[in-house]
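Start from the sequences, fold in the hints, and give me the full structure.
Residue 0 is where the sequence shown starts when you use numbering that gives the first Met the number 0, and the numbers rise one by one after that.
Zero decoy hints are in this set.
Here are the simulated DSS-like cross-link-like pairs (lysine-lysine), alpha carbons at most 27 Å apart as the crow flies:
1. Lys-69 x Lys-119
2. Lys-132 x Lys-119
3. Lys-88 x Lys-69
4. Lys-123 x Lys-89
5. Lys-89 x Lys-132
6. Lys-88 x Lys-124
7. Lys-89 x Lys-124
8. Lys-69 x Lys-123
9. Lys-88 x Lys-132
10. Lys-89 x Lys-69
11. Lys-132 x Lys-69
12. Lys-69 x Lys-124
13. Lys-123 x Lys-88
It should be emphasised that the hints constitute simulated quantities derived from the structure, not laboratory data.
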Amino acid sequence: MIKKILLFGGLGLVLVVGSGAATLFLLAPKGTTVTTTKVVQTTHFQVGPTFTMPSRVVNLADPGANRYLKVTIVLSFSPELDAQGDVTKKVTARQTVLDDILTTILSGETTAQLQSADGKSTLKKRIIDRFSKVLDDLHLLDLYFPDFVMQ
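So this is what it looks like as structure tokens:
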């Protein structure tokens, strides 16, 4: 009886050691190793002057429904324009024209157009295109919607 226990115990030990050695042999790296290095190039993002337009509420063009949009827009200008006060003064002088453009564009939109990310992106492009004509000397780069609520 003790011989059978020793025999089966010895066989079990050989199987465990053998399978461990086989695993190490099969999974161990081969003689040569290759090291790869990924080079990451970072670009420094410069933020130029910004101008926050007053929040506004407009009726949307949804037929048969009273839908509203409340939006705040932040205009972002080229970093080469260092003087924030100068940008503020120039944009404020043209505020009435910008307000009219914004009201005209926003009130022509529908809820369905503005619900998707693509719709908001298209809206941004339209506003930037129209604003750039009025603010041509300020190099408008982008605009942001920190507040965009439809009801």
